[in-house]
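One letter stands for each residue in the lines below.
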Amino acid sequence: MIGREDLPVLAAGSRLFATGAAESSFQLAVDWAGAVLDTPVELVAAGDLPPGTLCVAVSLVGSTTALGEQLPEGQEPARAVRALERRLGRRAGAVVALNLAAENALLPLIAAASLGLPLVDGDGSGRVFPLVEQTTYTLGGVSSTPLALAGPSGELVLLETAPDRVEETLRPVVLSFGGWGLAVCYPMEAAELARVLVPGTVSLLLEAGRPGAPRSVAAPYGVRRLCEGRIVAVEGSSGHGADVTLPSAPSSIVVEESEGLGRLVRLEAHNEIVLALADGAAVAMAPDQICMISSADGVVVDVDKASPGMRVEVLVLRAAPAWHTEQGSALGGLRAFGVPL
Amino acid sequence: MILGVAPGRSSTTVAVVRHGVLAWWRAYDGALLPARDGESLPASARASAGSLGNGPAEADLGEVRAACVAVDLDDVRAAPVAAIRVGGPCPPALGPQVTHPRGLATIVRGGHSLTRRPLAPLDAAAVRAFAAGCGLADFAVTATGSPVLADHELAVAELIAAEVPGARITLSYEFGRPGLRERERQAMLNAALRPEAERLADAAASWLEGIPLYFARSGEGLVSAHYFRRYPLICREGATAAALHGAHALPGPHSGRAVSPGPMGKTEAAPTGPADRGRGSVAVSPGSVAGAGEGGGFPPDVVAAFGAALAGPLAEVERIVQARGRAELDRALADARDEALTRVVSAGAAPGSARIGEVTVNPLSYLPDGLYRVRVTAAGTTP
Chain A
1 MIGREDLPVL AAGSRLFATG AAESSFQLAV DWAGAVLDTP VELVAAGDLP
51 PGTLCVAVSL VGSTTALGEQ LPEGQEPARA VRALERRLGR RAGAVVALNL
101 AAENALLPLI AAASLGLPLV DGDGSGRVFP LVEQTTYTLG GVSSTPLALA
151 GPSGELVLLE TAPDRVEETL RPVVLSFGGW GLAVCYPMEA AELARVLVPG
201 TVSLLLEAGR PGAPRSVAAP YGVRRLCEGR IVAVEGSSGH GADVTLPSAP
251 SSIVVEESEG LGRLVRLEAH NEIVLALADG AAVAMAPDQI CMISSADGVV
301 VDVDKASPGM RVEVLVLRAA PAWHTEQGSA LGGLRAFGVP L
Chain B
1 MILGVAPGRS STTVAVVRHG VLAWWRAYDG ALLPARDGES LPASARASAG
51 SLGNGPAEAD LGEVRAACVA VDLDDVRAAP VAAIRVGGPC PPALGPQVTH
101 PRGLATIVRG GHSLTRRPLA PLDAAAVRAF AAGCGLADFA VTATGSPVLA
151 DHELAVAELI AAEVPGARIT LSYEFGRPGL RERERQAMLN AALRPEAERL
201 ADAAASWLEG IPLYFARSGE GLVSAHYFRR YPLICREGAT AAALHGAHAL
251 PGPHSGRAVS PGPMGKTEAA PTGPADRGRG SVAVSPGSVA GAGEGGGFPP
301 DVVAAFGAAL AGPLAEVERI VQARGRAELD RALADARDEA LTRVVSAGAA
351 PGSARIGEVT VNPLSYLPDG LYRVRVTAAG TTP
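Heads up: the protein sequence lines correspond to chains A and B, in order.
Number 341 marks the last residue of the first sequence (full-length UniProt numbering); no jumps.
Number 383 marks the last residue of the second sequence (full-length UniProt numbering); no jumps.
Rather than coming from a laboratory, the hints here were simulated on the basis of the structure.
Glycine residues also receive a C-beta, built at the ideal position from the N, C-alpha and C atoms.
Each hint should be verified, as a subset may be incorrect.
What the hints assert, rightly or not - Label pairs and their calculated CB-CB ranges:
#1 Arg116/B <-> Asp164/A: 25 to 33 Å
#2 Gly298/A <-> Glu198/B: 36 to 44 Å
#3 Arg9/B <-> Glu207/A: 45 to 53 Å
#4 Ser216/A <-> Ser10/B: 46 to 54 Å
#5 Arg9/B <-> Val283/A: 55 to 63 Å
#6 Thr39/A <-> Ala162/B: 42 to 50 Å
Claimed, not checked - Away from chain B, derived, C-beta distances all over 10 Å, residues of chain A:
#7 Ala78
#8 Leu156
#9 Val232
Isolated chain A, as found in the complex (with noise of 0.2 Å):
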């Protein structure tokens, strides 16, 4: 079970290694969670399930920075599932996260109080994508859509395409709405779930962000530190010159080591940090996560917020064994960033 007061261990755990989360939509996520947990929500491991189950995911799409300028007028969860239901002619009965970064651990948690539904434990990465379709489900074969997107304005928007449709059909609605939506898709049964999903990570959550527990407890594949430096530019970027959609535009941001071999360390960043050249050396690249760790606060440094001077740790996360096969490499690897490495 997960009740008002393990809100605060799982909003910590869910903040260890997410990037682009806004201070102020986190905590306005952690305050509408704390409003509707007035009955604990039941955690369930998605094999525990009735097999013929119907599991739908939920997550924010969209900017944090949105979320936290318009805030949501709290039926988002309740209109986007049930709008769902109607198209499917059958009630959810349980919710699951596309993945499980700040906001979008407390969201699921948010729509399974509201809705009075088990929330299973896991989620469809293990890390975090800023594609709807770049997660463990479209690697297991389910296919994101019909999905419903609820926004703050009363907007309900049923979406019907083909998967590989999805992100450009959702954008420009996202936009309309005024930057964020709540989406409730990948309509599956709890038998299929339990197939595709990486397992135990909102638990993971729960451990990991007990005071005094280690950072590396939420990295289940392992972490490792490339580095610790001073941030010396952030730039635009050229976008490496590929024509991929993609929300927001790329960036840079160079960080010199300030220890060993006093490397220039250049992260290459679009909504996140994809690629790592030390040197010009690429040492570490998506589908692993890269993250900047504040040395002052111990907080991740968002790449929206990164500037210079700024002392950070750049650390690496090692993504799920499903993304580092030849599919999930195809979906979630430099090349899914429009990096032609």
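Based on the hints, put chain B in the right spot on chain A.
Structure of chain B alone, referenced to chain A:
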């Protein structure tokens, strides 16, 4: 010559700083801003501050270019605030958080999305009704989307001013930060501090009559008294910040700063001893206390007053801008620079001295159409 002033609970410390060096200081009995039943600075102290008491003969008022006050506002009495949020309905847990027992808040329709789209027309009737009926004079206004477009905040301010003559109005966009609830909290806090900030600025202005008056910001830098009256929140930890800068600049084991021997020498008291307020002024030769520890062994108020006097006016602008392509972004950046320069002059910088400090541009993650967070700081010197 610049004066640093650190108002304490029962005394007021004045430091004289010449060419970045602490030349003389004195703690006067009496608070600059007394508690309702407390003792204010005696007239004699005011008179002696006028001539700087037993200070160096050359330290007369004619030479004083500016007085910089270092004060923390944590303990000042907060006023009840009328908070107006412009936006859509939300769960009660996400509504405006009123902390004062007599404070009030309302949500009226209106605001803009980050893409500048109007969410709803501003509900002017609701604003008027709330302003006229709340019975309060300190307002905090926060509109959805104001870091991108502040039109609705400005419109609300006009409506309030028409309904409540003499209202003190804080607009959240002045604080720039994205995140509606954080900005709202800042605006409400600022509004709550304004009445006491005005009293403090009045008291300092009357005590140091004729001297250009500044207040230390939290972080670094100064703002003019005029600016402080409107935005006291940015000076909320002014004394703490000034003390940090002061301690760093004073001679000590961690400071590499050279200190020239003070012109005063050691006149009236033990040079390394703390001030004994009961016995009038204490003059210290900075050179004689080198190595006494970070902050040079001076009383904390002296260190804070000294730190404040070292700083210069500083202002910042934070906005979210929409720009398609480099040319539009450059234009938006030029606007932000101009605004920062105007603001630092309004914060008391000599116009010729205003210059751009840092410019930071970051694309907002997960939003297309070229939305950028832009932060510009501008700095200057006191006249």
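Hint check:
Take Arg116/B and Asp164/A: their Cβ atoms lie about 31 Å apart, and the range 25 to 33 Å holds. Checking the proposed 36 to 44 Å range against Gly298/A and Glu198/B shows it holds: the Cβ atoms sit about 40 Å from each other. For the hinted restraint 45 to 53 Å between Arg9/B and Glu207/A, the CB-CB distance of approximately 48 Å keeps it satisfied. The supplied range of 46 to 54 Å is met by Ser216/A and Ser10/B, whose beta-carbon atoms lie about 52 Å from each other.
Between Arg9/B and Val283/A the beta carbon distance is about 56 Å. The supplied range of 55 to 63 Å therefore holds. Remark: the range hint 42 to 50 Å for Thr39/A to Ala162/B is upheld by a beta-carbon distance near 48 Å. No beta-carbon of chain B is positioned within 10 Å of the beta-carbon of Ala78/A; the least distance is around 12 Å. Even its closest Cβ contact with chain B, about 15 Å, leaves Leu156/A beyond 10 Å, as expected for a residue assigned away from the interface.
The claim that Val232/A lies off the interface holds: its Cβ sits roughly 14 Å from the closest Cβ of chain B, which is beyond the 10 Å cut-off.
The structure fails none of the hints (numbered hints given earlier).
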